Amino acid sequence: MNHMPRLDTPRLNRRAFVIGSAALGSGLAVGLDLPAGGPTVARAADGSPEVDAWVVIRPDDTVVIRIARSEMGQGSLTGLAQLVAEELECDWSKVTTEYPTPGENVARKRVWGDFSTGGSRGIRASQDYVRKGGATARMMLIQAAANEWKVQPSECTAANSVITHTPSGRTTTFGKVAEAAAKLSPPTEVKLKDPKDWKLIGKGVKRLDTADKTTGKMIYSIDVKLPGMLNAAIKQCPVFGGTLKSYDQAKIANMKGVKKVVKVGDNAIAVVADTWWHAKTALDALPIVWDEGPNAKVSSASIAKWLDEGFDPSQPVYVGNENGDVKSALASAAKKVEAVYTYPYQNHATMEPLNATALYTPDKCEVWCGTQNGEAAFAAAVEVSGLPASKCDVYKQMLGGGFGRKGNTDYVRQAVAIAKEMPGTPIKLLWSREEDMQHGAYHPVTHCKLTAGFDANNNLTALHMRISGQSILFSLRPAALVNGKDPVTFQGLNASGEAAFGYSVPNLLIEHSMRNPPVPPGFWRGVNVNHNAIYVECFMDELAHAVNQDPLEFRRKLMANNPKHLAVLNAVAEKIGWGKPAPQGIYRGLAHFMGFGSYVAGAAEISVVDGNKIKIHRIVGATDPGFAVNPAQIDRQVAGSFVYGLSGLFYGGCTVKDGRIEQANFDTYNSMRIAEMPKVESVIMPSGSGTWGGVGEPTICVAAPAVLNAYFAATGKRIRSVPLRDQNITFA
Amino acid sequence: MANLTINGKTFNVDVEPDTPLLWVIRENVGLTGTKYGCGIAQCGACTVHIDGVAMRSCGVTVSDAVGKQITTIEGLAGNGALHKVQQAWIDNDVPQCGYCQSGMIMAVAALLKEKPKPTDQDINEAITNICRCGTFQQVREAIHAVANA
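Protein sequence lines correspond, in order, to chains R and V.
Numbering of the first sequence is given in numbering that gives the first Met the number 0, commencing with residue 0 and proceeding in unit increments.
Numbering of the second sequence is given in numbering that gives the first Met the number 0, commencing with residue 0 and proceeding in unit increments.
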């Protein structure tokens with residue numbers, strides 16, 4: 000892909016787009032008033048005409064497709080390009096991509112829509128308008144050719160970047176008519192293809208961004224180099240909510256390479272030096288006194304106690320899903336089953352630690368960073384620099400992993416704040432792994448008490464589920480709370496919608512006692528389905544065993560009203576061989592769930608040695624995302640999500656002691672290695688019913704409960720808390 | 000001052016002798032394909048070859064690297080042609096975010112030099128790099144593809 004701007008020539012090329020007047024022939028920065036009269040053509044930096052906002056065509060027929068969402072490994076850069084190219088009817092081998100900048104998006108009245116890349120929305124939330132962007136450009140290219148030939152556009156077709164006038168057989172290429180097409184007014188009515196006519200959507204084409212990732216040439220944010228750039232290392236108060244009290248700058252003033260010590264906000268201190276290694280070395284030597292504030296005694300135990308108090312019936316709750324009358328149904332139940340589950344904090348631990356580079360002058364602020372939300376990073380730059388939006392911009396770089404962490408802007412704000420203290424000098428701020436690990440935006444901590452009631456015939460008549468714990472929206476997006484309730488808490492538990500509960504229970508109550516400890520939460524790949532799926536699917540397994548029923552058959556009876564949920568569950572059951580004898584010493588578990596608009600299920604085959612060493616022999620994942628734009632990349636997302644989710648199950652878990660996170664690096668917050676991960680057998684089964692689901696996150700949540708249920712099958716021991724590390728269970 | 004031989008070229012760098020080789024490669028020499036991931040030799044993102052052996056460069060001081068042949072991801076391809084591991088990575092569409100892949104590729108290239116036809120067990124023992132995107136399946140398939148080519 001093309002990065003915009005190229006990093007080696009930032010000053011020449013930092014404005015990726017110029018808009019030119021055909022009459023004047025000279026480039027003007029986007030956002031300036033256009034001269035009156037004459038058609039105007041928006042141009043890419045190299046002067047090639049922009050047919051519409053999504054499509055630039057170069058004279059050599061190269062097609063440049065604009066991508067608004069961020070690529071962090073999930074593959075949506077390629078998938079989005081496929082969507083545009085499908086309607087454009089261009090030659091896929093000639094496609095390249097580039098990022099518009101958030102500043103340009105604002106200047107052009109958000110012509111590229113939303114830049115945020117989270118919630119597995121990259122494709123599903125933009126598929127309609129990016130396909131229209133491709134179709135619009137195709138119609139304009141055809142119109143331009145028809146004008147030249149003085150024929151009706153309806154007599155012309157486009158395929159593979161070639162336009163053909165059918166009656167005469169004349170042909171031309173996109174590159175030849177792009178200049179003329181760019182001067183036309185876009186059509187008012189644009190019809191998209193019927194999915195049955197798709198040629199490129201649905202095809203597992205290779206990613207567009209691979210080659211540079213194999214040679215070291217790909218530039219991530221951490222690799223940005225600017226002339227005269229200095230490097231900053233940062234320490235934030237280790238206790239959440241604490242502040243910086245004092246520091247002894249004189250102690251490090253003479254250390255090699257040190258240029259400046261900068262207080263950042265009220266809770267952090269940064270050292271700026273010629274190299275990052277010098278900055279970090281000096282920062283480690285800097286005497287710092289923190290005011291640890293009110294949370295200095297908070298611990299995992301104190302948080303757990305407070306969360307458990309949320310189970311008391313007297314505590315206020317928000318109701319997420321309710322039907323029937325759970326209380327009386329439980330009171331009259333012939334049999335009751337009750338269990339408490341817990342899920343811990345998790346750090347994203349992106350391979351590329353947080354970093355951003357900022358250049359501030361009194362009349363300009365520019366930021367180079369990997370971000371999942373370019374516009375939020377832009378807003379942060381505007382706010383912290385104090386400059387008007389027209390004088391700021393953000394240049395998005397390839398992300399070395401995101402998983403939700405890089406939608407936050409804390410690191411961008413810090414970089415701009417430091418750069419503001421050194422006007423004219425570009426500052427690259429890089430967090431150490433330790434800083435990254437201990438100042439995360441953590442997967443929220445929750446506990447869950449589940450109570451079920453059966454009638455005398457072993458029919459499930461009541462299910463009461465009370466989640467007690469942290470809300471992400473409360474901290475990150477309070478405006479999205481609904482009368483105080485965090486609707487995202489109920490992901491996968493809702494009565495309907497994109498994250499709906501798959502079971503019909505006559506008396507159901509799912510509620511949330513919101514408790515927000517002083518550890519900052521964030522959106523961690525999968526978000527709330529990670530724990531909700533464990534709570535529901537492990538408990539369903541418990542219930543099946545409580546009434547001596549097969550876990551699959553038990554679920555099926557409750558899923559008759561949810562055929563799509565059932566379809567993916569059936570798919571994994573079939574693939575894993577459920578109901579057929581397993582090999583000697585191998586045990587099976589399964590789970591299903593729904594989130595981000597997709598129906599997902601998982602099944603595992605494991606063996607257990609000495610009661611505490613697990614080997615996963617097989618693992619199956621099924622997903623129905625509605626439409627599958629690129630099955631090869633979906634396959635990788637299913638597998639990748641399982642690695643991430645199972646890493647969290649086995650090795651993850653961030654614990655709190657003295658108000659701070661205890662884990663500081665991969666030695667204490669480990670991640671799965673190749674030896675531990677079997678091949679993931681994926682079943683991609685798009686039902687094509689009109690809804691578009693995500694693929695980056697949904698499957699993550701079914702791997703853990705499938706393995707936990709298999710562990711019960713193998714040992715008879717029910718695990719109700721994560722991570723397994725803390726229960727002395729690991730990989731064989 | 001230290002004289003380093005990286006990708007066949009000599010670099011004279013003015014750094015303290017205990018500076019980790021990783022940071023000298025990235026900041027003083029300016030080759031950024033070698034990545035920082037943990038700084039404690041756990042993740043393998045900084046893997047380079049030192050005298051042909053895969054080493055985690057964050058755990059090697061620059062003084063220990065003097066006089067050795069250092070190869071980074073930028074020096075793996077020879078004579079304008081990609082190394083067979085790089086080509087296999089492209090053919091098998093291995094990288095997701097790609098950040099760990101420089102180190103992964105360097106570790107795999109060293110393994111294949113020692114064992115041209117590694118078993119799954121050989122791979123499990125030799126390739127211990129962390130990949131948070133979870134590309135392990137493609138990594139394994141690509142290694143076997145090279146071995147069977």
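Note that these hints are calculated values from the structure, not bench results.
Every value quoted in this text rests on a predicted model; they were computed, and no experiment measured them.
Be careful, since some hints might not be right.
[Stated by the list, open to error] Simulated crosslink set (DSBU-like; lysine-lysine; CA at most 35 Å straight-line): (1) R:K612 / V:K67; (2) R:K326 / R:K93; (3) R:K448 / R:K259; (4) R:K258 / R:K448; (5) V:K8 / R:K258; (6) R:K614 / R:K335; (7) R:K258 / V:K67; (8) R:K579 / R:K192; (9) V:K8 / R:K255; (10) R:K244 / R:K259; (11) R:K678 / V:K116; (12) V:K8 / R:K678; (13) R:K216 / V:K116; (14) V:K8 / R:K612; (15) V:K83 / R:K93; (16) V:K83 / R:K656; (17) R:K202 / R:K259; (18) V:K67 / R:K205.
Right, here's what the structure says about each hint:
no.: 1; hint: R:K612 / V:K67; result: violated, 41 Å
no.: 2; hint: R:K326 / R:K93; result: violated, 63 Å
no.: 3; hint: R:K448 / R:K259; result: violated, 52 Å
no.: 4; hint: R:K258 / R:K448; result: violated, 54 Å
no.: 5; hint: V:K8 / R:K258; result: holds, 31 Å
no.: 6; hint: R:K614 / R:K335; result: holds, 33 Å
no.: 7; hint: R:K258 / V:K67; result: holds, 33 Å
no.: 8; hint: R:K579 / R:K192; result: violated, 44 Å
no.: 9; hint: V:K8 / R:K255; result: holds, 27 Å
no.: 10; hint: R:K244 / R:K259; result: holds, 18 Å
no.: 11; hint: R:K678 / V:K116; result: holds, 20 Å
no.: 12; hint: V:K8 / R:K678; result: violated, 41 Å
no.: 13; hint: R:K216 / V:K116; result: holds, 28 Å
no.: 14; hint: V:K8 / R:K612; result: violated, 48 Å
no.: 15; hint: V:K83 / R:K93; result: holds, 25 Å
no.: 16; hint: V:K83 / R:K656; result: violated, 48 Å
no.: 17; hint: R:K202 / R:K259; result: violated, 53 Å
no.: 18; hint: V:K67 / R:K205; result: violated, 38 Å
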